[in-house]
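Dock chain B against the given chain U, drawing on the hints supplied.
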Amino acid sequence: MTASVFFGCTFIAFGPAIALFLFTIARDPLRVIFLIAGAFFWLCSLLLSSLVWFITVQISNKESSSQQKGLLIFGVVLSVLLQETFRFGYYKLLKKANEGLLMLSAEETMPISIRQLAYVSGLGFGFMSGAFSMVNILADSVGPGTIGIHGDSQHYFLSSAFMTMAIILLHMFWGVVFFDSCEKQHWWSLAVVVISHLLVSCLTFQNPQYVGSLVPTYIIVFLVGLWAFFCSGGSLRNLKLCLTCKDKDFLLANHRPR
Amino acid sequence: RMNLDEISCDKLATSIVFFFCLSDVSCNSVEQKIYVELNNTVPCVRLLNATHQIGCQSSISGDTGVIHVLESEADLEWPLSKGPNPPYMVLLESSLFTRSIMMKMKNESNRVAGVAVVVPNTSPPEFSPHTTCPNENTGVYSDNYGPNLAHCNTTVWNPRGNGLSYEEFDFPVFSLKEDNETEFIKQCYLDHNRAVNGSAPQYPLCAMQLFSHMHAVTNTPTCMRRNDINFSINPEMVCDPLGDYNVWGSIRPYNDTVFGHKENESVVIAAARLDSRAFFWEVSTGAEGSVSGFVTLLAAAQALREVTHEAPPTRNILFAFFQGETFDYIGSSRMVYDMENGKFVIDLDNIHSVLEIGQVAVHSGTNLFLHSDPVSRRNNTVNDEVKNLVNNLQSSTAGLSFLLVEPNVSQPLPPSSLQRFLRAQPIPGIVLADHESAFNNRYYESFYDNAANLNLTYPSDLSPEEQLEFVTDTAKSLTDVATVVARALYKQAGGNESLVNNIKADPKIVTQMLYGFLVSSNNSWFQAVMAPELKNILSRYGACVHPSPPEYYVGVAMSSTPTRLVQYLLANLTGAATNLTQSQCQKPDELPNESRQMYSYLWVQGIVPPNSTERDSFCVRASVRLTKAVSPAFELGEYASKDYSTWTESRWKFIKARIFLVASRDLEMLTLGVGVAVLFTSLLVTYFISTKADVLFSSTREPASAAY
Chain U
1 MTASVFFGCT FIAFGPAIAL FLFTIARDPL RVIFLIAGAF FWLCSLLLSS LVWFITVQIS
61 NKESSSQQKG LLIFGVVLSV LLQETFRFGY YKLLKKANEG LLMLSAEETM PISIRQLAYV
121 SGLGFGFMSG AFSMVNILAD SVGPGTIGIH GDSQHYFLSS AFMTMAIILL HMFWGVVFFD
181 SCEKQHWWSL AVVVISHLLV SCLTFQNPQY VGSLVPTYII VFLVGLWAFF CSGGSLRNLK
241 LCLTCKDKDF LLANHRPR
Chain B
1 RMNLDEISCD KLATSIVFFF CLSDVSCNSV EQKIYVELNN TVPCVRLLNA THQIGCQSSI
61 SGDTGVIHVL ESEADLEWPL SKGPNPPYMV LLESSLFTRS IMMKMKNESN RVAGVAVVVP
121 NTSPPEFSPH TTCPNENTGV YSDNYGPNLA HCNTTVWNPR GNGLSYEEFD FPVFSLKEDN
181 ETEFIKQCYL DHNRAVNGSA PQYPLCAMQL FSHMHAVTNT PTCMRRNDIN FSINPEMVCD
241 PLGDYNVWGS IRPYNDTVFG HKENESVVIA AARLDSRAFF WEVSTGAEGS VSGFVTLLAA
301 AQALREVTHE APPTRNILFA FFQGETFDYI GSSRMVYDME NGKFVIDLDN IHSVLEIGQV
361 AVHSGTNLFL HSDPVSRRNN TVNDEVKNLV NNLQSSTAGL SFLLVEPNVS QPLPPSSLQR
421 FLRAQPIPGI VLADHESAFN NRYYESFYDN AANLNLTYPS DLSPEEQLEF VTDTAKSLTD
481 VATVVARALY KQAGGNESLV NNIKADPKIV TQMLYGFLVS SNNSWFQAVM APELKNILSR
541 YGACVHPSPP EYYVGVAMSS TPTRLVQYLL ANLTGAATNL TQSQCQKPDE LPNESRQMYS
601 YLWVQGIVPP NSTERDSFCV RASVRLTKAV SPAFELGEYA SKDYSTWTES RWKFIKARIF
661 LVASRDLEML TLGVGVAVLF TSLLVTYFIS TKADVLFSST REPASAAY
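For the protein sequence lines, the chains are U and B, in the order given. Quick note: the first sequence uses this note's numbering, first residue 1, plus one each step. Quick note: the second sequence uses this note's numbering, first residue 1, plus one each step.
The following block holds chain U by itself, in its conformation from the complex (with noise of 0.2 Å):
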């Protein structure tokens, strides 16, 4: 549809991705290492999913086309359980990271929190999850034609764009529960995100009717969204303060630097 849906759909998916990244990771190389490696390993599920995947497939019958839907929701929840098992997995690995790094580096502290990690590898695993979303999709948006000769609805590229938003904020919020929760060991807390994941997964069945999807997805994205910024430390009341631009009074009442 030309260069300016190009544009427009990356913006739209990529847009907070980009501006998290530009802000509060770019800085630092040892965030941006551990975000690579995050997507790294979001990378390493979808590859094992993808395996099983095309191995049941050629071993199902082609022609039914029953078989194949069960086969493709076989597949989702098979992907999200594996996309979870793996980012346990990256928790258990940078636990063992964080105490050989603190024994290599010279100060006494740790140079990233475990919530700082949890947030980077959250990243990570939304920004490759967002890229292999959209990629196809807006290389074949470039070109002069929409979708819609065979009948199929016109949204389609808009609706990707806000899917994939939604995803990466998701994989964003979700790492940081998921982490927490592991440190405290709350496994109750674990299995609502892995719940929520597959609800979210799920939802994107009901696509073409997009308002469908989307619009239960985005309720999601803001219930975990908040979830996630009270695990992390924030407050009702910290937000007052920075909101009402009070804060500086209460970091000097705290003596806390900036």
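There's no promise every hint is true.
Claimed, not checked - Only pairs whose alpha carbons sit at most 35 Å apart, straight line, appear in this in silico DSBU-like list of lysine-lysine:
no., chain 1, residue 1, chain 2, residue 2
1, U, Lys69, B, Lys186
2, U, Lys96, B, Lys692
3, U, Lys240, B, Lys692
4, B, Lys476, B, Lys628
5, B, Lys186, U, Lys62
6, U, Lys184, B, Lys504
7, B, Lys504, B, Lys262
8, U, Lys95, U, Lys240
9, B, Lys656, U, Lys62
10, B, Lys653, B, Lys535
11, B, Lys106, B, Lys186
12, B, Lys653, B, Lys186
13, U, Lys92, B, Lys692
Stated by the list, open to error - Simulated DEER-style distance windows between Cβ atoms:
no., chain 1, residue 1, chain 2, residue 2, range
14, U, Thr56, B, Val685, 37 to 45 Å
15, U, Gly212, B, Pro86, 32 to 40 Å
16, U, Gly151, B, Asp75, 25 to 33 Å
17, U, Phe222, B, Val676, 21 to 29 Å
18, U, Leu223, B, Glu178, 57 to 65 Å
Treat the hints as calculated values from the structure; they're not laboratory data. All C-beta atoms in this analysis are idealised placements derived from N, C-alpha and C, irrespective of residue type, glycine included.
Structure of chain B alone, referenced to chain U:
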């Protein structure tokens, strides 16, 4: 049916889709949801000569336009002025493919992105995209030679010609067949592009994109100069000269290494042309225009074979088939040039007379006409010889159903290869044609000049092999013409008068040739006469395509199918089968009685005997040769020549066509605006959060040394 890409792709990503595609399951990629490729299209390409460029051009990234199916000439104001969504891609039925509509679109070409013409299976009453006066500048008539006869002042040969083939369009013009693809396009137009009650149609609209970017511009000297620029290891060529090979054969063989004038040698030349053209690239059937002529000549050559072995005539007879005659006489000008410069086995002084077979689509009972050049006949010797030739021809029609008549008025020769011979030297000659003045051919040089134009019909219940053998009425008429030509040639060459009535052309051979050249070239007889390494040229694009005749466009690849077919047919019909083995056939000089200089030795496939699968291949010895038919202008480097043909064809990278929906500009801008807004908002919010992070996330139980 569930579509893969509708589901959130981050779960089953491109790699899965890629594997899916590898395993031959229908590949639902996003591109397939947007574009529908059109496969059965033929473009119009750009040709250049010394002074002009003709044909069509698209921009390098294709031309996109909203489809509009034209209903009448008055409807043209929608794409040209009233329509709100220019540029338009105009879809025409063939009845609307006229000069006035195309010229109107050419004048408003900023609103027309391209034209697609739907070519039906049935022909319109008449249509000829060629000019009214074919080859008017390279014939013999000019301001110096018969000035009142030049430029069709006395007779307009092709009055139905609208000259579209020689116009220049700066938008692409493609042709579509009447099949499912075209139905899909029209349905897409009806669903999306129709204006309801005068209001503008709503987006998304159905659009078509045509790619046919041509590399050559301006004219032949420019593009040949650009061919010579050597910037890199692989220089980019932009155009190629049109040309192929002429086929010639003779009753008595000539030594192929001895060129120039031959003492005491007097030759009667029988000529026909091989090629034709159409508005679109390569799609040319030329049934009446060229096939009727050369099939008659081939049948006459076969009819003469026996009698010239028994009682050879005093003069030699040379059968010449010229390629490229449509484009300013490429083949015949080259042969005359070779004769003038001693590069051919005989020269112009050896020529006694010329008999050329023009368009001879005769129906039983109609007459044929003998055209001659009035200017050269002012010379008495030439006039006497022409009268002698006319007599020989007219006396050969005894017992046949038609007469040969000379036209009443003094008119010039029709466009024919004889004109190039006359340009060099006054030679007595006759052109045999079915028209007294203007052409009878209603589809001269168009894609409708096909088997139906010759009334070539077969009963419907015959298999292809049975059709091959079935003797049609057209074949019977052409056989009679071939008989007349053969008898006249024998008499003209001084043969024994008493044997003339034994010369008869074979209707079976004629009908097989007509079937092979006009209906299906991939038949058992053509397969039998061809060489094994050339058998694939008989069937284009693989075996599963429905039967089709060969293309008669001369082209640039020097590998035209009709040339090869005529070469092998002439060899089989006039030559002799030998007992040589395949290796002997390739090196015949080792044998005592065979000489490669006198004959050409061709290894042909032969027929399949009834009880076996192996072909009975054998070696044919015939005095049939190919000579290069590229215009002398390219040999001499005179790319702006006014005397010789300077036609070249442009090169291109790829040619394709596709249809899709386009969205409105507003929606696209809205998407861009939303994207930019999202980006700015997220930048602002992130900046805000990151500067206040330690306040926002401060209510933690972690020690105060946690660094953010």
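Hints, verified against the model:
no.: 1; hint: Lys69(U) / Lys186(B); result: holds, 34 Å
no.: 2; hint: Lys96(U) / Lys692(B); result: holds, 31 Å
no.: 3; hint: Lys240(U) / Lys692(B); result: holds, 12 Å
no.: 4; hint: Lys476(B) / Lys628(B); result: holds, 34 Å
no.: 5; hint: Lys186(B) / Lys62(U); result: holds, 33 Å
no.: 6; hint: Lys184(U) / Lys504(B); result: violated, 108 Å
no.: 7; hint: Lys504(B) / Lys262(B); result: holds, 31 Å
no.: 8; hint: Lys95(U) / Lys240(U); result: holds, 34 Å
no.: 9; hint: Lys656(B) / Lys62(U); result: holds, 32 Å
no.: 10; hint: Lys653(B) / Lys535(B); result: holds, 28 Å
no.: 11; hint: Lys106(B) / Lys186(B); result: holds, 23 Å
no.: 12; hint: Lys653(B) / Lys186(B); result: holds, 29 Å
no.: 13; hint: Lys92(U) / Lys692(B); result: holds, 30 Å
no.: 14; hint: Thr56(U) / Val685(B): 37 to 45 Å; result: holds, 42 Å
no.: 15; hint: Gly212(U) / Pro86(B): 32 to 40 Å; result: holds, 38 Å
no.: 16; hint: Gly151(U) / Asp75(B): 25 to 33 Å; result: holds, 28 Å
no.: 17; hint: Phe222(U) / Val676(B): 21 to 29 Å; result: holds, 23 Å
no.: 18; hint: Leu223(U) / Glu178(B): 57 to 65 Å; result: holds, 59 Å
When held up to the earlier numbered hints, the structure conflicts with hint 6 and nothing else.
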